[in-house]
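Student: Given the coordinates of chain C, assemble chain U onto it according to the supplied hints.
Going down the list, the protein sequences come from chains C and U.
Each residue of the first sequence is one higher than the last, beginning at 2 in my numbering.
Each residue of the second sequence is one higher than the last, beginning at 2 in my numbering.
Heads up, some of the hints might be wrong.
Put simply, identical chains are the same to the list, so a pair is met inside one copy or across any two.
Stated by the list, open to error - In silico DSS-like pairs for lysine-lysine, Cα to Cα no more than 30 Å straight-line: (1) 99 <-> 52; (2) 181 <-> 8; (3) 8 <-> 154; (4) 155 <-> 181; (5) 17 <-> 86; (6) 181 <-> 52; (7) 17 <-> 52; (8) 154 <-> 181; (9) 61 <-> 86; (10) 8 <-> 100; (11) 99 <-> 8; (12) 17 <-> 181; (13) 86 <-> 52; (14) 181 <-> 250; (15) 61 <-> 17; (16) 250 <-> 61; (17) 181 <-> 100; (18) 250 <-> 17; (19) 61 <-> 99; (20) 86 <-> 181; (21) 99 <-> 181; (22) 17 <-> 100; (23) 8 <-> 250; (24) 86 <-> 99; (25) 154 <-> 61.
If you are wondering where the hints come from, they were derived from the structure by calculation, not from laboratory data.
Number of protein chains: 2
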Amino acid sequence: MEIILAKSAGFCFGVKRAVNMAFNAAEGAEHICSLGPLIHSPQLVERLEGKGIRVVNDVKSMTDETVIIRSHGITREEEDALTLKELTIVDATCPFVKKAQQYAALLSREGYAVVIVGEQEHPEVQGIISYATSGETWVVANPEEALQIPAHKKIGLVAQTTQSFDNFSEIVQALLANNKELRIFNTICDATSVRQNEARSIAGRVDLMLVIGGLNSANTTRLARICSEIQPQTHHIETADEIDLNWVKDVATVGVTAGASTPEWIIRDVVERLQGAGK
Amino acid sequence: MEIILAKSAGFCFGVKRAVNMAFNAAEGAEHICSLGPLIHSPQLVERLEGKGIRVVNDVKSMTDETVIIRSHGITREEEDALTLKELTIVDATCPFVKKAQQYAALLSREGYAVVIVGEQEHPEVQGIISYATSGETWVVANPEEALQIPAHKKIGLVAQTTQSFDNFSEIVQALLANNKELRIFNTICDATSVRQNEARSIAGRVDLMLVIGGLNSANTTRLARICSEIQPQTHHIETADEIDLNWVKDVATVGVTAGASTPEWIIRDVVERLQGAGK
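With the rest of the complex left out, here is chain C (with noise of 0.2 Å):
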C-alpha cells in the first residue's frame, strides 16, 4: 500500500507558534490557564494541561495567574477584562488574525461600515468584529447575505483568516454593486487554501483519503468535506485508533491530509498505523 501524506498537513505557522509559546510559557509559571482550548485539538490540549496549563472560559473565574491568549485571538472587551484583573499575559494570536483585528478597528475609525467575511459564530470573527467599536458592523458568511446590507457609501471588508479566496470574491463582486466606495483588506492566509488545494489534488489520485483533526475544528470539517466531494472514500478521524483496518484492506493508495490544528505527532501515528496494515 502506497501512503501520500501531505506537505501541508497538521499545523499552520499561527499554531504552531502559540503551542511553542504555550509550551515555553508552562515551563516558569506556577499557575497558568488558557482562553477557551488552546487549539481545537483535543489531544493536544491534554497534553497541555499534563503541563499545568489549565482550560478557563472566562475571565471572571481566573485568579493570580499566567493566560495564554490563544492564535483565534480575543475580544477587545476580554482583553480589557484581562487588563483590569492585572494578569500576566501570552499572547498567542496569530500576527494574521491581529492583522484583521487591526483592520477592522483602522475602517471602523475612518468612518466604514465593516463587513467582517466569516462565520459569525467563531471566536476568531468575534474578536474581530470587536474591535470595529464605532458604527455599523456585519458578519457575512455567503454573497447572499452581503446582498441584504443596505446600500452605503463607505463599506470596509476584512476576511476571517480560513475564508475561502472564491467567497471572498463573490462578496465583493456583490458589494461592489451597492455601494460607492469599498475598501477591502484581503486578510486570507494563503495557509488554508494551500492546504485544500494539495488536499484535492491528492484526494483525486488515491483509493481511500483520510483527513485528521477535531472533530469540532472547523477548518478540518471543511477538509474532509472537500476530499469528500472528490473521493467518497474519505474519513475524518481524530486519531489513528479510529481507523477500520477493513478500509484500507483492499486499496493500493491512500492519502492522507490534517487540519491546522493538528499535532504532527498524531499524524506520524496514523501513518504508522497504515504502514502496519500495508504489510
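Tutor: This is chain U only, laid out in the frame that chain C set:
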C-alpha cells in the same frame, strides 16, 4: 411598420448639462470656444459653431475668450494652463467624471497606486489619471492587463464612467488576489448600462435595429456592437439621410436607440423618416 424607440436613447445627464451650458454661454460671450469638440456628434458641433463656439484643440492657441470645458473633463495640466492664461472658464465637466477625478487625487494623496479601468486614449481617462499626481498609475482595459500589475500593499481603483460593470468587477477580482489592500470607488454611471440593457431588450424583439450616433463616439460604437450580436440586421448611422429605404421594405418592427452624445433632433429625424417609409 412598428417603431420601438428606446426611452434611454440620446443625451445622458452630463451631456445634456454640458450642451445647455454651452448654448447659454454662447448667448453672452463675444469670443467663445470649446477645448476639443464638446461632444462626439459632428452635427451638434456644427450647430454650436453656428452660435459662435469654435473648437480649439490646445490651450496655447487660445486668446482672450471664454472656454467651455466639455463633459469628459480635461487634464490637470490643461486646467493649469487655462488658469495661467486668465481665460473665463465654463466648466461643463460631468459631475460624475469630476468625482472620479477627485477620487484619483485622494487615492494618490493617501499613498495608493492608482488604477483606472478604461480606455487609455480616451480624454476622460487622460483627465482622471492626471489627478493622480504622486506615485504609480496604470490604465487597464481588461482583467488580463490588471494581472500584469505587480503586487502592491495599497491599490486604489476608479473607473471611466462609461465602463461596463462586469468588466470592472472582473478587474476587481483579478486585483483582489494579488494585493493586500484594495480601495475601490465605483464611479461607473448607470446611464450606460441602462441604455445598453434597454438596447439588448429591444434588439431581441425587432426585425431591424438602428443605432444613431457619431462614428467617432466610443459609447455609440459599443452600443451598435451589442445590438448586432443579438440582431445581425443592425446599422450604426449618424443621421436620417443614411437610412437605406431597402432596409425597411419588408420589415414589421424597427428598434431605435442612440448614444449618449446624440442630439434629440437627430433621433426625431430618424423616427420621422421611418414613419414616412412605413406609410
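Student: None of the hints should be skipped; say for each whether it holds.
Tutor: Tested hints:
1. 99 <-> 52: The answer is within: 27 Å in one copy meets 30 Å, while 65 Å across copies does not.
2. 181 <-> 8: between (43 Å within a copy, 26 Å between copies)
3. 8 <-> 154: between (44 Å within a copy, 29 Å between copies)
4. 155 <-> 181: both (7 Å within a copy, 18 Å between copies)
5. 17 <-> 86: within (28 Å within a copy, 67 Å between copies)
6. 181 <-> 52: The answer is neither: 53 Å in one copy and 39 Å across copies each exceed 30 Å.
7. 17 <-> 52: Classified as within: same-chain Cα gap 17 Å, cross-chain 77 Å, threshold 30 Å.
8. 154 <-> 181: For residue 154 and residue 181, the Cα distance is within 30 Å both inside one copy (5 Å) and across copies (22 Å).
9. 61 <-> 86: within (9 Å within a copy, 73 Å between copies)
10. 8 <-> 100: within (26 Å within a copy, 50 Å between copies)
11. 99 <-> 8: Classified as within; 26 Å inside a copy, 52 Å across copies.
12. 17 <-> 181: For residue 17 and residue 181, only the inter-copy Cα distance (24 Å) is at most 30 Å; the intra-copy one is 41 Å.
13. 86 <-> 52: Classified as within: same-chain Cα gap 24 Å, cross-chain 80 Å, threshold 30 Å.
14. 181 <-> 250: Neither. Shortest intra-copy (59 Å) and inter-copy (48 Å) distances fail the 30 Å Cα cut-off.
15. 61 <-> 17: within (28 Å within a copy, 67 Å between copies)
16. 250 <-> 61: neither (52 Å within a copy, 87 Å between copies)
17. 181 <-> 100: both (25 Å within a copy, 11 Å between copies)
18. 250 <-> 17: Neither. Shortest intra-copy (34 Å) and inter-copy (78 Å) distances fail the 30 Å Cα cut-off.
19. 61 <-> 99: Within one copy only: 24 Å inside a chain, 55 Å across chains, cut-off 30 Å.
20. 86 <-> 181: neither (44 Å within a copy, 36 Å between copies)
21. 99 <-> 181: both (28 Å within a copy, 15 Å between copies)
22. 17 <-> 100: For residue 17 and residue 100, the Cα distance is within 30 Å only inside one copy (18 Å; across copies 48 Å).
23. 8 <-> 250: within (25 Å within a copy, 71 Å between copies)
24. 86 <-> 99: So residue 86 and residue 99 pass the 30 Å test inside one copy only (22 Å; across, 54 Å).
25. 154 <-> 61: Cα proximity of residue 154 and residue 61: none, with 40 Å in one copy and 40 Å across.
Of the hints listed earlier, those the structure fails to meet are numbers 6, 14, 16, 18, 20, 25, in rising order.
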